[in-house]
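Q: The chain contents come next:
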Amino acid sequence: MNKLLSIKNLNKVYYSKKDEIEAIKDITFDIYEGEFVSIVGPSGCGKSTLLNILTNMDTKTKGTIELNKNLKLGYMLQSDSMLPWRKVIDNALLGLEIKKEKNTENIQYVRGLFKKYGLSNFLEKCPNELSGGMRQRVALIRTLALKPDILILDEPFSKLDYQSRLKVSDDVYKIIKEEGKTALMVTHDLAEAISISDRVIVLSDRPCEIKNIYKIRREKNGSPIENRKDKNFAYYYDLIWKDLAYHDERAS
Amino acid sequence: MTKEHLNYLKKIRREKIIVITFQILILAGFLIMWELLSKYKIINPFIFSSPSKVIETIKNLYLNYNLIGHILTTLYETLIAFILGITLSFIIAIILYEFKILNKIIDPYLTMLNSLPKVALGPLIIIIAGANTKSIIVMALLINLIVGIMSIYNGFNNIDKDLIKLFKTFNASRLDILLKLTIPASYKTIISSLKLNISMTLIGVIMGEFLVSQSGLGYLIIYGTQVFNLDMVMSGIVILIIISFVLYKIITYIEKKLLK
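Protein chains in written order, with the numbering used here: chain A, 1 to 252; chain B, 253 to 512.
Honestly, the hints are just simulated from the structure, not real lab data.
Among these hints, one or two may not hold up.
[What the hints assert, rightly or not] Heads up, simulated DSS-like pairs for lysine-lysine below, C-alpha to C-alpha not over 25 angstroms straight-line:
no., chain 1, residue 1, chain 2, residue 2
1, A, Lys87, A, Lys147
2, B, Lys432, A, Lys102
3, A, Lys102, B, Lys417
4, B, Lys420, A, Lys62
5, A, Lys115, A, Lys87
6, A, Lys3, A, Lys159
7, A, Lys72, B, Lys440
8, B, Lys420, A, Lys87
9, A, Lys125, B, Lys352
10, A, Lys181, B, Lys420
11, A, Lys102, A, Lys87
12, A, Lys18, B, Lys356
13, A, Lys87, B, Lys413
14, A, Lys17, B, Lys293
15, B, Lys501, B, Lys268
16, A, Lys125, B, Lys293
17, B, Lys417, A, Lys100
18, A, Lys99, B, Lys356
19, A, Lys159, B, Lys420
With the rest of the complex left out, here is chain B:
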C-alpha cells in the first residue's frame, strides 16, 4: 500500500470519527439540557418530565405495567400490517400495471383516497371491524397501502422500454413479460419501498392504538394522557423512538443483504 493510499484511508477514518463524536455529543447535550432545565424548573417538569424521571417510569412500567407486553403488541401489529401491506401493494400494483384501462378508471378515486386523512376513517373502521386488533391493522394498511402501491407501480413504469421491445421481438406473452421482466426488473424498487413502508405502518399502528386498544405503546401514551401522568406519555414516546429507529435499521440491513 502506498503512502498516499494510507493517507486517504486515514482521512476517511478521521471523518467517520468526527461524525460519530458529534452525533454522541448532540444526544448527550440534549439529554443534559433536558435534565437541567427540568430540575431548575425553567421548563415545567410536570409537562416535560426529565430523563431521570423517564428512566424511573420505564423501570416502573416494566415491573408493574407489563411494558414488554405492550411493546410486543405494537411490534406484532406492525409486523402483520407490514407483511400484509407489502403483499397487497405488490398484487394491486401488478393488476394496475397489467390493466392500464383499469388504472385510468380508478385514478381519481385513488387520488381522493390518497389525499384523505386516513385517521378520519378511524371511527368508521372501529364500527365495521370491531374494537380490536383488526381495526388497528386495517388502519395501518390504509396508510401503508397507497404509498406501497405507488412506489411499486412507478418501479414497473420505469422499466427500460428497450427491454420490453426485446421481449416483444420474441413474441413474448404478457405473462412471460410479467414473470421474466417486470417483476425481476423492479426487485430493487420493491426492496427500497420497504423502508418507507415500515415507517408508514408504524404511524398507522400507533394511530390505530390511539383510537382503539387495550394494549400497545399507543395505548400507554393515550392512557398516560387520560390519567394526566405525563411521565408515562414521555416514556412511551421515548420507547417508540427507539423502536422505530431499530426497525428502520433492521430494514436497512435486510435491504443491504438482499441487494448485494
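The following block holds chain A by itself, in its conformation from the complex:
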C-alpha cells in the first residue's frame, strides 16, 4: 500500500512560566492511502495538539513529519463553525475564497457535492435553519472543497446528540469513502472509533505515547452502524477499554 504520511519520534513540549509540560512523547506511526485511522485517548492527553502539529497550526519540538509528495491536508473541526451571516453555499466556499481558488470549476465541484449528498435545497439558506447533522455535513463539504488528499477530523461528531451522531458518522464515512479520501480522526468515543476505522491508535495519558495500535478485523466491512453488530466489536471494545482504564486506576 502507498504510504502517504509518516510521523517519526514526534515530541511536543509546552512551556509555561512555572515549568515545562511534555504533551507528546515519541509518537511514531504511518498512514496509508485509502485508510481510515482513528486516534483515541484520555481527554486532555494531547490528541488535538497532535492534529494541530500535523496541520501546521502548532509547532513540533522534535521529530519528523513526512508527507508524500505534495499531498494536501484538510482539517475538519469539532464545531461546524458556520458564519451565520453567510448563506450555506457561501460558507462551503469559504476555504476556496480564502485560498483564492474560487473559480467556476471549483464552485461547480462544491455544488456537485451538495447535490450528491442531498443538500441542494439548502444552498441559499442561512446556517441556523439547518440541523446540527446537516451543518456537520456542510462543514465536511467545506473541507472537501479544497480537494485534500488526507482528511484530518477532530472529534467531528462530539457536539451532536446520540441519534444524529450515529447517522452523521454513517453519512460522513460514506462521503469520505466515495470521494476516495484517506482520513485520520481523533475521538474519545471508543465505539465510534472501532466501528468506523481500519486501524485504531490508542494513546496514553499525558505525556501521550502510543499504547497500542489495533488493526480492526471484521467478518464483513459495512457502514459504521452495521459494523457495530460485528462479532469482533465487543472484543476490540474490551481491549481498548482496558488500555484506557489502566490510567484511571493508576491515578486513583
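Given the coordinates of chain A, work out where chain B should sit on it, guided by the hints.
A: Relative to the frame of chain A, chain B by itself:
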C-alpha cells in the same frame, strides 16, 4: 385561531394598555404636582419655575431668542461628534485588536484617561482648539471615544475562538480574518454601541457648550443662570430632555432596522 390563542393575545394587549396608561399618569401627575406646588408657593417658583411658565418661556425663546437656531447648533455638534466618534472608535479598536502588544503598552494610559473627569481638560481644550465649535466637538469626542473603543474592542474579543481556528485551518491571512470574520462578526456589537454613544456624545456637547459657546442649548442654560432667569434654565433642560429622548428613540429605530 383558537380561543386560547385569542385569550393570549388579549392578555398581551391588556398588559400593554396598563403600561402606557400608567406612563401617561405618572407624567401628568408630575406636571400637575409641579404646577400646583409652584402656584401655592410650597416650592420656590422663582427657582423651580412651573410648567405653565416653562411653556411661556419656550414660546418667548422661540419668538425672540432664535430657539430653533440654538437647537440646531446643539444637534449639529452632536451629529458631527457622534459620527466622528463612531468612526474613530472603530479604527482605533481595530488597531488595538490587531496589534495586541500595542494594546498592552498603552493599557495603563487608557485606564488613566478613562478615569480622568474629562471636563477637567476643558480649559486646556479651549486654549488649544480655540473658543469655538471645535472645542465642543473635541470635548464630546473625549467622552464618547473611550466608551466606543472599549465596547467595539470587547465585541472583537468575544468572537468565537472556533471560528478563528477555522480561518487558520485555511491559512487565512490577518487581513482575511479581519475583513471576513472580525468585522462582520462584531456588526451587532457595533450597532448596539451606537445607543450608548449618542448619550455620551450629548453629555460631551452640553459640557462643551457650558465651557465655551455663543449658541446651543448648553449656552441657553448657562446664559439663563448668569442673568438669573431660572425659567430659561428650566426650559433649556426640558427641551434637552425631549431632544435626548428623541435621539435615543431614533437610534433604537435604526438599530432595529439594521439588525433585522
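Q: Run every hint past the structure and note whether it holds.
A: How the hints compare with the structure:
no.: 1; hint: Lys87/A / Lys147/A; in the structure: holds, 21 angstroms
no.: 2; hint: Lys432/B / Lys102/A; in the structure: holds, 15 angstroms
no.: 3; hint: Lys102/A / Lys417/B; in the structure: holds, 21 angstroms
no.: 4; hint: Lys420/B / Lys62/A; in the structure: holds, 23 angstroms
no.: 5; hint: Lys115/A / Lys87/A; in the structure: holds, 16 angstroms
no.: 6; hint: Lys3/A / Lys159/A; in the structure: violated, 32 angstroms
no.: 7; hint: Lys72/A / Lys440/B; in the structure: violated, 36 angstroms
no.: 8; hint: Lys420/B / Lys87/A; in the structure: holds, 21 angstroms
no.: 9; hint: Lys125/A / Lys352/B; in the structure: violated, 36 angstroms
no.: 10; hint: Lys181/A / Lys420/B; in the structure: holds, 22 angstroms
no.: 11; hint: Lys102/A / Lys87/A; in the structure: holds, 16 angstroms
no.: 12; hint: Lys18/A / Lys356/B; in the structure: holds, 22 angstroms
no.: 13; hint: Lys87/A / Lys413/B; in the structure: holds, 21 angstroms
no.: 14; hint: Lys17/A / Lys293/B; in the structure: violated, 72 angstroms
no.: 15; hint: Lys501/B / Lys268/B; in the structure: holds, 18 angstroms
no.: 16; hint: Lys125/A / Lys293/B; in the structure: violated, 68 angstroms
no.: 17; hint: Lys417/B / Lys100/A; in the structure: holds, 19 angstroms
no.: 18; hint: Lys99/A / Lys356/B; in the structure: violated, 32 angstroms
no.: 19; hint: Lys159/A / Lys420/B; in the structure: holds, 21 angstroms
Taken one by one, the earlier hints fail for this structure at numbers 6, 7, 9, 14, 16, 18, listed in ascending order.
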